[in-house]
Amino acid sequence: MIINALLPSLLTLTLAGSYFNEAMDLLLSRLPNLEALHLGNNQLDGKQAEGLAASFLRHKVAKLENLTLGSNDIGDAGLACIVKALPPCLKQLYLHGIDCTDSGVAALREGLDRWPTLWGLGLNGNPITDSGARTLARAIRGRMSLRDIGITLSEMTDAGVARLATALATCPNLRYVYLYTSGFKAAQKVTDEAKQKLRENLPIYATAAFDHRLSRYLKRP
Amino acid sequence: MQLHRVPFSDKKSFSNVIALCPNLRRLSLHDCDWHWDDDAAAEAIASLKQLQELRLQCADAVSAERNPFAATVKRLKELPAMKKLTIFSRLDPASVEAFVAYLNEHMGCRRLTKIKISTGLLASAGGQEVLHAVAKHPTLQKLTIVRPDGMGEPLRKPQCVLLGQAIFNNHSLRALHLRRCGLWTDSLSALVPPSTCHNLARLKLDGNSLGYLSGEMPPGSVPNPPFSTLQRGDN
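Heads up: the protein sequence lines correspond to chains A and B, in order.
Numbering follows our numbering, with no gaps: position 125 of the first sequence is 125.
Numbering follows our numbering, with no gaps: position 25 of the second sequence is 1025.
Hints are computed from structural coordinates only; laboratory data are not their basis.
Ideal placement from N, C-alpha and C gives every residue a C-beta, glycine not left out.
In silico lysine-lysine, DSS-like type, Cα no more than 30 Å apart, as pairs:
no. : chain 1 : residue 1 : chain 2 : residue 2
1   : B       : K1116     : A       : K91
2   : A       : K185      : B       : K1204
3   : A       : K63       : B       : K1114
4   : A       : K84       : B       : K1204
5   : A       : K63       : B       : K1083
6   : B       : K1114     : B       : K1049
7   : B       : K1116     : B       : K1074
8   : A       : K60       : B       : K1204
9   : B       : K1204     : A       : K47
10  : A       : K47       : A       : K60
11  : A       : K47       : A       : K63
12  : B       : K1084     : A       : K91
13  : A       : K63       : B       : K1084
14  : B       : K1083     : B       : K1011
15  : A       : K91       : A       : K197
16  : B       : K1114     : B       : K1204
17  : A       : K60       : B       : K1114
18  : A       : K91       : B       : K1083
19  : B       : K1142     : A       : K63
20  : A       : K60       : B       : K1142
21  : A       : K63       : B       : K1204
22  : B       : K1204     : A       : K91
23  : B       : K1136     : A       : K63
24  : A       : K91       : B       : K1142
25  : B       : K1116     : A       : K63
26  : B       : K1114     : A       : K91
27  : B       : K1077     : B       : K1011
From the derived model, a few chain B residues whose C-beta atoms are all more than 12 Å from chain A:
no. : residue
28  : K1012
29  : D1038
30  : A1098
31  : R1111
Work out the full structure: start from the sequences and follow the hints.
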């Protein structure tokens, strides 16, 4: 009833998203030496991601090395804004389950060119197809810094895995590859044969985890 | 040594086991059956002069009725090598006071660099004093606050204001982790330190609800409360 009475005279309606952006903007303005920011699983949407990216640009975040945004509803548009705003010193970027599709990977590829020291990239649980896997494979080919990558792309098939396997074979410092084929948002279209080929192609010190329940036992870098 | 959900056979069994390991560096006590003698257990833990990491964890529902760590918390100052202390438990007012006194006695915990506490502890009577002590601790580098599993006590805005002041005033503090604390957009705004803070390098805010405003908005503020009100955390 109160809402009904208010609506005719309403001139401005600001929803919570903008408050998040105001709060985060002010917080970032007070933390010039921030190196790691974890905002996973916070129900952030694309607009809030765009606002976050604007804050990154406004306050430089020149020392930010680790950004975790997994389990938010950021989407491709939000991701594209975030990618443009991140500094060259970025080392870890975790984007698990953010509803990123092939076009998000295309935006990410531009970022990867600007982050020469990136060693951790997490894309698990995103609805990316073989086309996106191909784009990602081109982006990571021969990358010296890459050490840890999550490629549980839920719409990918064996063809995408084969592309990625070829690219990962050229990353000499690779240690861990995460490709879960069972469980929530897993790459369920990938067959055991493709997993076997991926494992055979990995650089000598690299390990692949195909079961999310066992990945915790992998030794961290 | 990790004792996770361990049933103690009798009241002395824990003390007897600890007596066999005088050089223990890490001890984790996690939701055991607490069928022990509190004073004897505290005596045993206090004898571990090389202990660097101690975790005391007890479900809030259990610790609300009986605090198994009351005697242990009072003897923390006897552990000179302590670097990392985790207390995931509610504490009675006397134990909170003892914990605050431990943190304020800087020489007694001069090696302490990491503290992990639960929102349940902060919700205990006198819990806010813990944040005041954290703000003044000279060696503390990392503060982690976690809400216990399930729907425990969230981190309130007045506590966030104190945390904002802590990260501003305590120049040794480099990492603040507020994971699964039930933070909303308005508690985030209360967390903003009063001015530029050059020391903080790592901020983890995973598993909260930062995308939303809480239901604690004042009636007069709908639909557009001034942001300064949110920031003060007094709405």
